[in-house]
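Can you build the whole structure from these sequences, using the hints too?
Just so you know, the protein sequences line up as chains W and V, in that order.
Heads up: the first sequence is residues 11 to 115, going by my numbering.
Heads up: the second sequence is residues 4 to 165, going by my numbering.
Treat the hints with care, as some may be off.
[What the hints assert, rightly or not] Below, in silico cross-link-like pairs of lysine-lysine (DSS-like), each with a Cα-Cα straight-line distance of 27 Å or less: (1) W:103 x W:36; (2) V:92 x W:36; (3) W:108 x W:36; (4) W:97 x V:153; (5) W:36 x W:105; (6) W:97 x V:92; (7) V:132 x W:36; (8) V:84 x W:108; (9) V:66 x V:153; (10) V:158 x V:66; (11) W:108 x W:97; (12) W:97 x W:36; (13) V:92 x W:108; (14) W:103 x V:158; (15) V:153 x V:132; (16) W:36 x V:84; (17) V:132 x V:158; (18) W:105 x V:92; (19) V:153 x V:84; (20) V:92 x W:103; (21) V:84 x W:105; (22) V:66 x W:97.
[Stated by the list, open to error] Some chain V residues flagged as far from chain W (calculated, every beta-carbon gap over 12 Å): (23) 14; (24) 35; (25) 70.
These are computed hints drawn from the structure, not numbers from a lab.
In this text, a Cβ means the ideal position worked out from N, Cα and C, and glycines have one as well.
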Amino acid sequence: MFEIILSILVLLGGFFTLVGSIGLFKLPDFYMRLHGPTKASTLGVGAVLLASAIHFSFKTNEISLHEILVTLFLFITAPVSAHLMAKAALHIKVKQEKRTINKSD
Amino acid sequence: MLRKYIPHPMLTIALWIIWLLLNNSLSAGQMILGAVLAVFIPWFTSGFWEEKITVYRPWSFVKFLLTVLYQIVVANIHVAKLILSSSDKLQPGFIEVPIELTSPLAVSILANTISLTPGTVTCDLSDDKTHLLIHALHIEDAQTTIDEIKQLFEKPLQEIFH
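Here you go:
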């Protein structure tokens, strides 16, 4: 029973990370590609880390909460790096997909 | 008096918890060592932290964190569908979101939250700090997206940090 929950969590994590990578590969322009990895790092890594925390907490009978820290640091750094890349791309005017809507002005 | 020795209570608590998590232990020694570090680090670095951080409603903050987690899960599933379907149908675009927050910390938390929720990435803050420029992967209706951000994230932050 326990293994089933863990497997589902690991599979879910793997699935969302895969989708993030597919997005990185197939989306047409830089700004859209930026969405792929930020997504993978939230739910994808989150699910894997949750599985890890549960597994080690029950296997060793010692509560393992390292994973919360990993998630915390990831949630702090991922948006900042995405923001900086987007800002840099805007600054050097990276080519956009033609159908992109610009500011609604 | 207390303020003088513990200039940033929130930072002290956060550092102490992070120290205990890093060591993955609750032994007395680690708790004392962590507490000493948590008091001295904010003390030595207080010159860099001019602004006082005050959380007015801690419970609203917890509620806000839960909303964000829920939104991350919902939006992740939505974006996964978008990525797996044909990318020709996607309508990407930049949206300007007017913000009413004034505290720099609240603005940065809002910007980070927008980036964390799949489908939107914060690109820029306007020079006069009244608009956030965000890039959305797929826009059905710009106004709905703006309203959602304001309702879900900005309103609670406004209450928490004023």
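Hint check:
no., hint, verdict
1, W:103 x W:36, "holds, 21 Å"
2, V:92 x W:36, "holds, 13 Å"
3, W:108 x W:36, "holds, 16 Å"
4, W:97 x V:153, "holds, 22 Å"
5, W:36 x W:105, "holds, 16 Å"
6, W:97 x V:92, "holds, 26 Å"
7, V:132 x W:36, "violated, 34 Å"
8, V:84 x W:108, "holds, 22 Å"
9, V:66 x V:153, "holds, 16 Å"
10, V:158 x V:66, "holds, 12 Å"
11, W:108 x W:97, "holds, 19 Å"
12, W:97 x W:36, "holds, 22 Å"
13, V:92 x W:108, "holds, 13 Å"
14, W:103 x V:158, "violated, 33 Å"
15, V:153 x V:132, "holds, 16 Å"
16, W:36 x V:84, "holds, 14 Å"
17, V:132 x V:158, "holds, 17 Å"
18, W:105 x V:92, "holds, 19 Å"
19, V:153 x V:84, "holds, 24 Å"
20, V:92 x W:103, "holds, 24 Å"
21, V:84 x W:105, "holds, 25 Å"
22, V:66 x W:97, "violated, 30 Å"
23, 14, "holds, 14 Å"
24, 35, "holds, 19 Å"
25, 70, "holds, 14 Å"
Hints 7, 14 and 22, counting from the list given before, are not met by this structure.
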